[in-house]
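Asker: Residue numbers (numbering that gives the first Met the number 0), protein chains in the order written: chain L, 0 to 171; chain Z, 0 to 649; chain U, 0 to 501; chain V, 0 to 502; chain C, 0 to 99.
Derived from the structure by calculation, the hints contain no laboratory data.
Each hint should be verified, as a subset may be incorrect.
Simulated pairs of lysine-lysine, BS3-like, Cα-Cα distance not exceeding 25 Å [claimed, not checked]: (1) Lys-367/Z / Lys-580/Z; (2) Lys-161/Z / Lys-440/V; (3) Lys-359/V / Lys-161/Z; (4) Lys-202/U / Lys-317/U; (5) Lys-161/Z / Lys-545/Z; (6) Lys-376/V / Lys-440/V; (7) Lys-84/L / Lys-98/C; (8) Lys-359/V / Lys-376/V; (9) Lys-367/Z / Lys-161/Z; (10) Lys-161/Z / Lys-376/V; (11) Lys-359/V / Lys-440/V; (12) Lys-367/Z / Lys-545/Z.
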Amino acid sequence: MLHLVLFLVFGAICVAGAINLLVQSHPISSALSLVVVMASLAVEYLLLGAEFVAAVQVIVYAGAVMVLFVFVIMLLNAGVEERTKGSRVALILGIPGVLAGGLLVAWVLIERTGTATVGLGALPGFPKTIGNLLFHDFLLPFEVTSVLVLIAIMGAVVLASRPEPKNPEKES
Amino acid sequence: MTPSLHLWLIPILPLIGAAINGFFGRRLSRQTVSAVALTFCGAAFLMGLYVAARFPSLELPHAEYLGHWIRSGNFMVNFEFYLDQLTLVMLLVVTGVGFLIHIYSVGYMWEEGGFYRFFSYLNLFMFFMLTLVLAGNYLQMFIGWEGVGLASYLLIGFWFTKDSAASAGKKAFIVNRIGDFGFLIALFLLIKHFGSLNFSQLFSSIAQQPAETAGVGLLTSIGLLLMVGAAGKSAQIPLYVWLPDAMEGPTPVSALIHAATMVTAGVYMVARSHVIFGHAPNALTVVAIIGTLTALFAATIGIAQTDIKKVLAYSTVSQLGYMFMACGVAAYSAGIFHLMTHAFFKGLLFLAAGSVIHAVGGEQDMRKMGGLRQYIPWTFMTMTAATFAIAGFPPFAGFFSKDEILARAYEANPAYWFIGVTTAFITSFYMFRLWFMTFFGDYRGREAAEHGHAPAHGHGHGGHGDPHESPMIMLVPLMILAVLSVIGGWVGIGGRFEHFLSPVFGEGATAVATEALSRSTEITLMVISVVAAVLGFYLAYVLYLKRPELPQKIADSLGGLYQAVVNKYYVDEIYGDLFVKPLVDGSTRILWHGVDQGVIDAAINDTADGARHVSDSARQMQSGNVRSYAGWVAVGAAVIIAYMIWMGVR
Amino acid sequence: MNPTLPVGADYVRILPEIVLSIFGMAIMVLDPLVDEKKSQQLLGGLGLIGTLAGLVSTWIMAQSPGFAFWNMVQVDGFSVFFHVLVIAIALVLILTSYEYMAVQQLRAGEYYGLILFGLVGMCLMSSAVELVLIFISLEISSISTYILAGFRRRSATSSESSLKYFLLGSFATAFFLYGVAMMFGATGSTNIDAISAALNSGKVPLLAYVAMALMFVGLGFKVAAAPFHIWTPDVYEGAPAPVVGFMSTAPKAAAFAVLLRIIFEANAPGRFWLIWLSAVLSMTLGNVAALVQDNVKRLLAYSSIAHAGYILVAFAAKPELGAPAVMFYTAAYAAMNVGAFAVVSHLANENERYVTLENYAGLGRSSPILAGTLTIFLISLIGIPITGGFFAKFYVFSAALQSNLVWLTIIGVINSAIGAYYYLKIIVVMYMREAREEVPVLPIPLALRAALALTLAATVYLGVVPGRMLTFVQQSAQQLLQAEHTSAREQVGNAAVPRATQ
Amino acid sequence: MNILNTHILTLVTFIPAAGGLLLLLVPRRDRDIRIFSLIVSLLTFGLSLHLVARVHRMLPGFQYEIDRAWISTPNIHYHMGVDGISMWLVLLTTFLTPLCVLISWNSIHERVKEFFILLLVLETALIGVFTSLDLFLFYFFWESTLIPMALLIGIYGHGRKVYAAVKFFLYTMVASVFMLAAVIWLYAHVGSFDFVTIQNAIRTGQVEGFSTAAPWLFIGFFLAFAVKVPLFPFHTWLPDAHVEAPTAGSVLLAGVLLKMGTYGLLRFNLGLFPEQSRHNAPWICTLALVGIVYGALVAMVQPNLKRVIAYSSVSHLGFVVLGIFSFTQAGLNGAMFVMLAHGISTGALFMLAGIIFERKHSYEIADMGGLATPMPKYATFFLFITLASVGLPLLNGFVGEFLVLSGAFQANPWYGTIGATGVIWSACYLLWMYQRVFFGKVTHPENSTLADLSAREQLALWPTAVAALVMGVAPLLWLNIIDPAVQAALTPFAQVASKVVGQ
Amino acid sequence: MVPVSYYLILSGILFSCGVIGFLIKRNIITIFISIELMLNGVNLSFVAFAAQWQHLSGQVFVFFVMVVAAAEATVGLAIIIAVFRTRETLNVDHVNLLKL
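Chain L with its partners taken away, still in its complex shape (with noise of 0.2 Å):
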């Protein structure tokens, strides 16, 4: 019971934090309301018992990819959102297909499902336990990971360093 209290609980917040991510005009606004997202997925992660999972969610993905965010917000001085007309197809067709789609799979969802449930901490995902299977199973992808992480800092050495060949500016 207590378990769908609060799952119901933190899952209007995070639905709320959604909405009101698409509803606000100010990027800023969006990014902080993404953060309401997180925090509140970080509880939903804790009541199926992955531990792990929500304490990286909190501390890495809210704390500093979403700092991230609102660094270059800050940094390109965005404003207010335009209200631009550029594209019918994303209203006409993208959304109802949203929808449709969304609703679809929910049904199946339901239907499909349904019957069954988890409780609190279903599944307990310590770190010990998912870092035997990081380090062991999952190595390789680790490693790779590495590579990615790689790129990641070559992409925005080359991206955002100023264009001018003659005196490279790297920042990030």
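Got chain L; can you put chains Z, U, V and C on it based on the hints?
Answerer: Positioned in the frame of chain L, the structure of chains Z, U, V and C alone reads:
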């Protein structure tokens, strides 16, 4: 087995002459050119005489085989030569008259440009004509058949810088081709049903077939189709239109091709195919009707023509009609007989007319002649012989052959005879009209010349001064032909000619025929035809010598009818409006611009344009807006999800 | 019980990836140390050596087929094939870029590094049998291409291209990821073999269908299959020309490899009409939209959509026929398209000024060699015999016909006829139009000559004697398809946690 | 001699292309290039004469066969061979190419080297089409003809040359993909590209699903060939292509390229799908007849010399198709003969048109008129060839047309009858055209000084004229070899054939 | 005990919100934020399925997704900066030089 006569040499000799003159003539002198042409043509004539001399010793029909031509599966066509009495008559007429006309041409064409070309063509014509005559199968005959058409095309268009000549040549060829079309279909029928085109094989297998008395059976169809071919070549209704135009060619050409030889090929072909026609009486009737109608029809047009050669041309058409009438009533030998005498006198008429034209500096309009008999007496005399011959005065050649035909026509159906006699009267009338207008009265050419009249086609004679007699080289052939026009008919007296040909056409038919007609009837008919000729003569005398103002009055009183006759019943115009114009316009507007460009190409181009439009609209998807792109992805995803769910639920 | 540490064989089986990463890092380290002028040659050379070393190590890797890293990767003919393919493409790309980078005055270091790192991802994609690894390597390859697309930083179009590619790519990745999640939800596993086993035993859960749909969205996006192709023209137009040649072939080939594994090895349920429709749409939209293009890069972008469509035709065929056809096609397409883009990038000149059809007018006269080579590539793209393109199409359609896909084949051949038009247009312009403005054609440097020679040789080789290649791909496909039967493999080793029953 | 017999086809096929490649190395001295290509093409012609010299006349099957495995998967063989049908087409090609070289001697000034390379490559492709017995090889050569031809038109043509080249390419390309689909189907179900193998498999009924697929396969092949022929209504590419093409291109296009279509119909449609051929013959014959009449009528009113000749090709090729689909010995023999005759005479006509174009830079008939006066030799050649084309007996056009029509007539009297009207039409349009060009007075003063034929031009024309005459007088030289091959081709139709020809 | 489907529905809602955000937001950064929202939705699914199947690889997957998201964010934001440099705008509707 009779020894080989090397019949193939007869056509080949003129061909060699044609080749020599064709390839090298440009660099040879006129003397050499004419020597070459005459030699090879004469050699052919000599060969013909040689064949005639050997004739009694031959086993007839005599066939010679040279080699295969076409083979496809079991079907085979050879180069082969076929000699029988009919061939011999044709051979002698063609080579003999041809040779004379060659001689004449040397004089007539002496000052023309393209002298070598002319003789090359003339020899070429001889080659094809002899091939036609000597052919041992229908396809080889067809070689000659088409070949003479070609030679005729070349010779009519000899003065090619003149548009009318060029057009006339083309017209001749095309109209002939229409006839050839019928001929070809007939050949296909023969191939399909008899598997061969060889005369001996074909005729022997057809002879075993029962005659088709009713309806249009196989043989009747073949006969009718052959008649289409013959009508084309021999200028019968409805395909006669090319022949009058063919007078654009040099006069010797008109004499040789369009009077004496080529145009009779149709008659020859029908006679050659008598076995087929014999089994197809209905086809034969058609031949007779066409012949009769043509004879009358052309003769009426002849009345009102003023161009001397045009008159002769229509008279040729008319005379050819007689020949077909003869064939149509199964009197083949009579037809061939008339063919022969016609070759003499009509050849002569043309040559003489040529001499007249030559004399007056290229003028062909009879209204500008007159009184020429004192200027060109030799021409006048020979022409007189020919005129009397064609009019059917005894004892000239024409009398015998025409009389024979009329008698046989009467026997078959008096209607034919009646039209025939009427035609004879008209013929006599317009021929004497020509005679009087040209040779009697006063010379009317001078005023014309003074009015700055220039000869139509740079004869080079110069149109000025008094008419003058032609050189000897032209007159000698005239004289020979004149003699033949007088005595040529005598070979037919007492059915000798018929008897000679009877192995070909069958003795029985002729024997029955002669007996069927009583002696008195025969004489009555003869008298009537002579009277008709005399009446014609008299009428012409009255109208064109005694009362020269009368014709105009009559013409005025006849009004539209006269105009119709003068304008040849507007047949050319009708054909033009009925066939040529619709064809050209239809091809241009409907087929080319309409179907080709308007439908097919337009469809292709529209497809291309359509593709471009589709392409453009397909490109509209690429609006450049990321959100739209995401919209497409979302929709695509939704559709795929829906599909997959459906697949899963199913 | 699994060994606790990876053994030597494990490393051998990812040797190319290791080698490429090392070279990538070496370039990265050296980049700041050498000066601008030398960096081009030195780092490019290093990259070249890296790819060559990659090829050699692939050969070494091929000697020890099998699984590595606890069923994370599988080395078999199939993965070797794609390893060689993508590394070879990169090799040609580096050869082409040599001159291009100098002409465009771009910094070289990161460029070559990114290529090598990207290769690591693409190589792994072809050998990975675990969705986690596939996802990560997919991201590696994608992110490196996002960056490469925006490499002409001074150009607005290049950064726009990069942005669009990035946004839409991430968007599509999210779908793919969602699909993976669903698949995990449906089968309880992220290992392809396990998934395959789960799907092939008994009734397929509905969730798996949704998962397939979502994964197809992600992968379809990567291979530019309709209706997820729309990013292609914009991105290709803006990205640097050699990179376009690269990203239209190598990541695509890798994505096709993944698609092959997922669709054929896992025997994806209910896929037939999905692929059928996608193939038809891709071919038709690609070809039709290309008809009126006059930007050559964009034109080739549309053409690449169409070619993705042809490849998808093979996906609709029976697996044993379709898989080799796909492999052959990707190889042939790589040869001709990389070659074509090599020519395009050479002609593009500074700031990619000369990329419209108009600029190609009179090329037949001003540079017969370039025009001739491009003609051969285009002929191959049309699919005229004795070029690789012909056999590629032939094989695909033959597979389709043997699977009784008559209509798909007919639509395919009609499309290849439509396609002939716009390729021909380029040929026509090169030979039959006179240049209206003077387009400078630079002398062809040695590296580019080598690149052209290689691609040309490959194109013709695949067209004249495709036999060995065909045999090879058939065998590899065989291995791929028989994998599930031969491997009585243990489950992914997270056995520490007991499996719950629902 | 045995060695030569096995390799003669390879030699004949590839010597021109090899020559073309060598030409790449020859320095850009136009004269040397011309002489070199003349030598190569003459050499090819000489070698191809070996085919005739050593042929077994009565053998119906393929001769000079060479069959080597080329690619194992798919099972492609380098399989070549000729029979009485294809041998002559090979010869026609090798015969016309030296003439093309001669006729292009002065008319090509720019990019001479490329021109002759293209020409020689084209020759190889054309010969290859006729010698291939492997469907893949055939398709390869088939498609290979497109590119050099399109380039010849597009680079060396005039007027709307690009449009014409693209139209030509696309028309034939679009059509031939259907053939490709059919070929692939056959391969997919027989497992071989080999013509003989496939034919045997079909005849013995070993091909799974053949009966349902056959109508579509037939259509697939048919479309590709019909466009090439070109059969009405697929013909509109032809006039455009011809008018804009350079002379040599037109000569090869009309002379040989079109025959690829009819050859294909004969070899593949009849050879592989006899039942379908029978079944579809009525409407195909109807199209052929429409083509005969329609082509002729449209030709009649064309204002452009080359367009007249182009449409006349539509008409003439209609005869060929009619003959082929009459399934009679005579029809097929005739069809073959028309192909050869048309190759010679239309080739010559295009050469003649090219000669006048070199002097006047126009093909418009209105710009001519009275040309017989300044150019008598030219007029004579033109007339001779025109007459050959009209189908005058003793010239080459007649024999074929006669046989075709008689064969068609045996199959169905209406076919023969309607077809025979072509005899009239051809006279109409050709003679009218001839009249407008050559007869009458010289209407344009500048025409009165036109030069007559040069020695080189005569050298190019004489062979065609001689060939036209020899073919007309002694068609047996050709028919003797064609006949058994045609008989073999007709075996599936044996019952019809025996019923029709030859008591 | 909460049905798994609740979690899944929540994840679906988040994902859909992300998609809608991509479609309706004009600011590039906000669009990117929407993508992050989608990834978060997916992550919830992983965790929920992991709980359902009692299979930890789902949670590990989430870990990797986060790493990837971080890398993506780095690169993405760098790209946005590059675009902003050449265009001086962050409105995605204005970034449409490349089209048709």
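Asker: All hints, please: hold or fail.
Answerer: Cross-check of the supplied hints:
{"no.": "1", "hint": "Lys-367/Z / Lys-580/Z", "verdict": "35 Å, violated"}
{"no.": "2", "hint": "Lys-161/Z / Lys-440/V", "verdict": "7 Å, holds"}
{"no.": "3", "hint": "Lys-359/V / Lys-161/Z", "verdict": "23 Å, holds"}
{"no.": "4", "hint": "Lys-202/U / Lys-317/U", "verdict": "21 Å, holds"}
{"no.": "5", "hint": "Lys-161/Z / Lys-545/Z", "verdict": "39 Å, violated"}
{"no.": "6", "hint": "Lys-376/V / Lys-440/V", "verdict": "17 Å, holds"}
{"no.": "7", "hint": "Lys-84/L / Lys-98/C", "verdict": "17 Å, holds"}
{"no.": "8", "hint": "Lys-359/V / Lys-376/V", "verdict": "17 Å, holds"}
{"no.": "9", "hint": "Lys-367/Z / Lys-161/Z", "verdict": "22 Å, holds"}
{"no.": "10", "hint": "Lys-161/Z / Lys-376/V", "verdict": "19 Å, holds"}
{"no.": "11", "hint": "Lys-359/V / Lys-440/V", "verdict": "17 Å, holds"}
{"no.": "12", "hint": "Lys-367/Z / Lys-545/Z", "verdict": "18 Å, holds"}
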